[in-house]
Each structure stands twice: as C-alpha cells, then as structure tokens.
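There are 2 protein chains.
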Amino acid sequence: MQNSYTWVENTLNDYMLMVRQVLDDYFPDKEPRRYLYDLVPAYPNRAGKGLRPGLCIATCRAFGGSVRSVLRSAAAIELYHNAFLIHDDVEDGSEFRRGLPTMHKEHGVGIAINVGDAMNVLSVRTLMDNLDAIGPTLTWLVFAEIEHMVRESVEGQAMELGWVRDNVCTLSEADYLRMILKKTCWYTCMHPCRIGALIGSGGSADLDSFNRFSYYMGAAFQIQDDALNLEGEHARYGKEIGGDIFEGKRTLMLIHLLNSATPREHGRIRRFLTKPRERRSMSEVSSVYDLMLKYDCIKSARTTARHLAGAALREFHLAYGKLPDSDDKRLIESIVLYMINRDI
Amino acid sequence: MQNSYTWVENTLNDYMLMVRQVLDDYFPDKEPRRYLYDLVPAYPNRAGKGLRPGLCIATCRAFGGSVRSVLRSAAAIELYHNAFLIHDDVEDGSEFRRGLPTMHKEHGVGIAINVGDAMNVLSVRTLMDNLDAIGPTLTWLVFAEIEHMVRESVEGQAMELGWVRDNVCTLSEADYLRMILKKTCWYTCMHPCRIGALIGSGGSADLDSFNRFSYYMGAAFQIQDDALNLEGEHARYGKEIGGDIFEGKRTLMLIHLLNSATPREHGRIRRFLTKPRERRSMSEVSSVYDLMLKYDCIKSARTTARHLAGAALREFHLAYGKLPDSDDKRLIESIVLYMINRDI
Numbered sequence: 004m005q006n007s008y009t010w011v012e013n014t015l016n017d018y019m020l021m022v023r024q025v026l027d028d029y030f031p032d033k034e035p036r037r038y039l040y041d042l043v044p045a046y047p048n049r050a051g052k053g054l055r056p057g058l059c060i061a062t063c064r065a066f067g068g069s070v071r072s073v074l075r076s077a078a079a080i081e082l083y084h085n086a087f088l089i090h091d092d093v094e095d096g097s098e099f100r101r102g103l104p105t106m107h108k109e110h111g112v113g114i115a116i117n118v119g120d121a122m123n124v125l126s127v128r129t130l131m132d133n134l135d136a137i138g139p140t141l142t143w144l145v146f147a148e149i150e151h152m153v154r155e156s157v158e159g160q161a162m163e164l165g166w167v168r169d170n171v172c173t174l175s176e177a178d179y180l181r182m183i184l185k186k187t188c189w190y191t192c193m194h195p196c197r198i199g200a201l202i203g204s205g206g207s208a209d210l211d212s213f214n215r216f217s218y219y220m221g222a223a224f225q226i227q228d229d230a231l232n233l234e235g236e237h238a239r240y241g242k243e244i245g246g247d248i249f250e251g252k253r254t255l256m257l258i259h260l261l262n263s264a265t266p267r268e269h270g271r272i273r274r275f276l277t278k279p280r281e282r283r284s285m286s287e288v289s290s291v292y293d294l295m296l297k298y299d300c301i302k303s304a305r306t307t308a309r310h311l312a313g314a315a316l317r318e319f320h321l322a323y324g325k326l327p328d329s330d331d332k333r334l335i336e337s338i339v340l341y342m343i344n345r346d347i
Numbered sequence: 004m005q006n007s008y009t010w011v012e013n014t015l016n017d018y019m020l021m022v023r024q025v026l027d028d029y030f031p032d033k034e035p036r037r038y039l040y041d042l043v044p045a046y047p048n049r050a051g052k053g054l055r056p057g058l059c060i061a062t063c064r065a066f067g068g069s070v071r072s073v074l075r076s077a078a079a080i081e082l083y084h085n086a087f088l089i090h091d092d093v094e095d096g097s098e099f100r101r102g103l104p105t106m107h108k109e110h111g112v113g114i115a116i117n118v119g120d121a122m123n124v125l126s127v128r129t130l131m132d133n134l135d136a137i138g139p140t141l142t143w144l145v146f147a148e149i150e151h152m153v154r155e156s157v158e159g160q161a162m163e164l165g166w167v168r169d170n171v172c173t174l175s176e177a178d179y180l181r182m183i184l185k186k187t188c189w190y191t192c193m194h195p196c197r198i199g200a201l202i203g204s205g206g207s208a209d210l211d212s213f214n215r216f217s218y219y220m221g222a223a224f225q226i227q228d229d230a231l232n233l234e235g236e237h238a239r240y241g242k243e244i245g246g247d248i249f250e251g252k253r254t255l256m257l258i259h260l261l262n263s264a265t266p267r268e269h270g271r272i273r274r275f276l277t278k279p280r281e282r283r284s285m286s287e288v289s290s291v292y293d294l295m296l297k298y299d300c301i302k303s304a305r306t307t308a309r310h311l312a313g314a315a316l317r318e319f320h321l322a323y324g325k326l327p328d329s330d331d332k333r334l335i336e337s338i339v340l341y342m343i344n345r346d347i
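So the protein lines, in turn, are chains A and B.
The first sequence runs 4 to 347 under my numbering.
The second sequence runs 4 to 347 under my numbering.
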C-alpha cells in the first residue's frame, strides 16, 4: 500500500514540477520587486501536494489530451489556489501556512492582500495565453469554468467567515457539507476534473458527469485536512496544535462537538468562541480538544471522510469508467485513497 | 463656469445611472446574502462622481459608438474600482469612505476582503457577457485592457504600501508621479478612455494615442483628491481632518514637506510616521498639517495639479481633435477643468 502512495506522490510531484516551470514564466521579473513580485512565488514555492493541477492534468491525459494543452489551465488553478490561501490566511487570522509564517505575518496585512490580488490577475494572463494551445472556443470555456470556480469559492468563504464572526453555534453536518461544497470542492476537485476533461476531450465530454465524483472527493479531502490540523500539528509542532480551534473555525469536529456536548460544556465552548482570537488561551484550546476526544469527534470525522471516499470510488467508475485504462486514470482513482490515508 | 460644471455633473450622473442599472443585473439576488451579496452593492451605491464609466462611455460615443455597446465594460470598470477601494481601505486602515464607515470597519476585515474578491469575479462575468453586444474580437481586446489595468493598479498599490510600511522618507515628485501613474492613472482615466475608443471605433483607433492625455488627467485628479482630503475634510467633517496624514500616505504634499522641512522638523515628522497608526495623535496630525501650511505644500500641490490639467488640455486636442464635434467630446474636455476645480 505504501508503495502505491509513493507512486501517487511522485506522479503528482512530476506534474507539479511542470506546473512550476509554467508559473516561473508568469512570475514577473521586474519592479516593484520588494513589495510585490518577490513575494508572489512565496506560497507556490512552499511544498504542496499538487492535488489540483494533478487532477486537472491526469484527467486531461486520461481523455487522450496532451500535458501541453492543459498545463496553463492547471497553472492558473494553482495560482488561484495560492492567491486564495493568502487572503484566507488574513481573513482567518492564521499564523502558519505549510510550516512557515503566513504572508501577512511576515509582510503585513496590506501587502499580503495586494500580493493575492496580483496573483489573481496573473492567473487571468495565464488563461488568456491558452489561446495558442487550445484555440478560442476552449479558451473561452475554460474561462467560464474558472469564473464559476472563483464565484463558488467566495460564496463558501463568506459562509465560513460569517459563522465565525457571528459565533454561530447551531450548525448541522448538512450546513458544513454545503459550505465545503462551495469553499473547497469546486476549486479543489470539481473544476480541476471538469477543465481537464474539457480540454482532453476537445470540448465533447459531459462535464457535469464529474461533479459527484469530485464533490465526494473534495469533501473527504477537506475533512481529512481539518482532522490533520488537530492531530498532525499536535504531533509535529507541539505548540501550534489546533490552529483551527484557535481560529474558531467551524470544522466538522467542532460542529459534532457542539451537537454532542452537555448544555454546560456547550456554554463553555460558546464562551470560548465568543472571545476575540487573541484572548483565547492555549489551555482553553486544549480543553476544547479534550472534549473533542471525549466525544470521538475526530474519529467520527475520519469515518465520515472514509464514507465520502467510498462514495467517490463508486462514482469514479461512472465518471471515468468508459475511458480506456491508463496510468492517469489509475492515478485519479488512487488519489482518493491516498487523500484519506495521508498524514500531511 | 458653475453652469458648465453642473452640466458635467449631470451628464456624468446620467451615465452613472445607466451603469447602475447594469450593475443591478449583476448583483446576485441569492444566498449567501448577509455575509456577501447584501454587501456587494454597498460601495457602488455610495455617491461617486462616476468619472471612470463617464470617460469610457463618452469616449465611445465621441467615436460614434452606442452606449449599449460600451455599457458592460463601463460597469466592469466601476465594479473593479469599488473592489479596489474595499481592499485599499483595509490595506491603508482607512476608517471612512465617501462619508460612511469603510466596509471592514462595519463588517470586519475578513468579510470585507472576501466581498472585494467577489466583486472582482462579478466584473469578469460582466466582461464575458460583452460577447453578444460587441463580438468575440472586441470582447477579447477589452479583456486584455482590463488585465493590464488591474496589473498596473496592484503594482502601484505595492509601491505605495511598501513606502508606508518601511517608512520611506526620501521620495521625490518623480517617484510620486510614477506611483500614481500605476496606481491611479491607468484605471481612472487611461483604460476607460482606451476601452471607450476601442469599442467606439470598432477596434480601429490607435489606443496609445490616448495615453498622454489620460495620464495627465489622472495625475491631476489624484493630486486634487489628496488636497481635498486635507482641505475638504477639514471644513466638512471637523474631526476626520487629514485621514491621509493619519495613515502616513505618501501624498505629494507629504513628499514636498519632507523635502522642504528643516532637519529638526524632518526628524519630528519621521518619528510621527514611525509610530503605528493607532498611536498617532490628533495633535501630531495637526502639527504635520500646520507644517504643510507653513511650506505651502497644499498650494504647491494644487499648482502641480493645474499644470497637469493644462498639459491634459493640450493633449486632448491631439487625442480627440480629429473626431467630429459632439457633446461627448465637449464633456471629456470639460471634465479636465471640472476635476481640478471641484470641491468634493
């Protein structure tokens, strides 16, 4: 099993290297450097798994398309993703991203927001340069996909930010899934697969047929990510355990906890969440974490992630089943299990 | 003279009303409302002069184009402008915008950044819908104009933010003009005129021929705007005098002051600027303001604005001179003087 994950990681890494080369061409080598263009590569250069461009490229190739035809679109998705992370980190008041200080912690909120804005417009340029490789019709359809992707993401982001700001403590699992459909799934899995299929099939694929598969996959991914924020960080960074708890982020675990706790515990958690972030103490965070253990919230979230991954595997055969066997097709299927078994 | 400005204001207002109708169609009437779509119209609905869409529509009509053909592009420019203002207000830590609290003061930094991001993607949709009205070639060329516009704006913004963050006190008038070329002129005047000419001429106009005129006009506008922040606010809002001084914004007046002050005064101003914004006192702001009066900084900035407006009027004849006379052509010329004589 480990070998299969090594293969997944290596292949994603190979695709990511190609994407990085494209990105390098789009990172301007000009002024203003210090306050802008020196900072644009910072997040993309921090190690990521390359899930989004990997799904996009592999889906295109599974349809018989070339890497070259899809590379700029995959690079644009990766750029949007990183721009989104910079803004997300400011919005959530996060302190660390991929093991290093967040952009705004290092360079200030103003410059960080502006770097994110610059990356968004660099993505537009990347997509405009699709014209030569895939022609006007596909270029235009990719634009429409990206426009929808960004719109869904800001809508999901608005839900999550609003819940935290207004200290909403009455959420259900269904609310959570609706939020991550918008905030995570569209841009992490759904549109990468759709765009890969669009380009790989030369426009003939039924893009909606990838929605269920990639929705289940994206939801499993996000829940696993949130579980790792609690468990992974705990093991590896010690002090930085539970950044999400510090931020009051409405994860599936927190929602589960709020729905399981006794009225007294519920009151205690709500009072903790009412405080501004800087007044939340490490011992309070630990006690929320302990309650999550008491009510098996992390275990239960992992079970949900596994069920979603199972649903994704079933849908995989409906979405990709008719395509001839290929390494890329196998890669996409393997990513599903890799995602819920990874530990970073 | 007053009558002529009334005519300018009324005409800009008429064009702005048409733009607002288009924008209304693009403001989504759906969830998430409270944390997103209810907030998107907030800045566009606050009274603005409508300079950018006005220049765009008038230039298109001066070329014989229809309002209908240019309206979506003008609306997209106005949306980008307002998205830019929301992020700019967060980045500068501004408290008021058009007489009301800024978006982040009212709704928090996270939600404000995300609303700005949503408005950017709504502008993309507006531009995509150009297709029916002006066809694929012009739609594409407008995209390229907007891509350049946004890129220049983030570059200018990076310069200004960096100067404030690193407390740069050795700037020249040339540095300032380079910064506002990028930050203000491209998106306030240059691209609105270029896009108007592009659509109005059906793609035949030499767009670069509008650059000098609209650069001079944009620079005059920005300097006048900064002067009004000191004088206008002083008269009308009392307490909020000199928001720009509070923010340490590198205006032409501050740069002039830093280059005119005695070493002792220079040290005092620098120490004031070194403090974080929340530790700057009203009396310190007043004393910087008094030094600006002592060295005629505001008067001198207004003189520079008038010289730039004079240069714009000369360039107007080179850029628009060959077009037949029309109300729209007259409007554009009148806007130049209106801008440096307005008091709001």
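It is worth saying that the hints were derived from the structure and are not from the lab.
Be aware that one or more of the hints could be misleading.
Which copy is meant is left open, so a pair is good if it fits within one copy or across any two.
Claimed, not checked - No more than 30 angstroms apart at the CA atoms, straight line, and that leaves these computed lysine-lysine pairs for DSSO-like: (1) LYS252 x LYS33; (2) LYS33 x LYS52; (3) LYS33 x LYS332; (4) LYS52 x LYS302.
Nothing here was measured: the structure is a model prediction, and the numbers come from that model.
These are the hints, each one checked on the structure:
With identical chains, the CA atoms of LYS252 and LYS33 are at most 30 angstroms apart between copies only, with a shortest distance of 24 angstroms across copies and 38 angstroms within one. For a Cα distance limit of 30 angstroms, the shortest separation of LYS33 from LYS52 inside one copy, 29 angstroms, qualifies, whereas the shortest one across copies, 34 angstroms, does not. Taking the shortest alpha-carbon separations for LYS33 and LYS332, neither the intra-copy value of 40 angstroms nor the inter-copy value of 37 angstroms comes in at or below 30 angstroms. For a Cα distance limit of 30 angstroms, the shortest separation of LYS52 from LYS302 inside one copy, 24 angstroms, qualifies, whereas the shortest one across copies, 57 angstroms, does not.
The structure does not agree with numbered hint 3 stated previously, though it agrees with all others.
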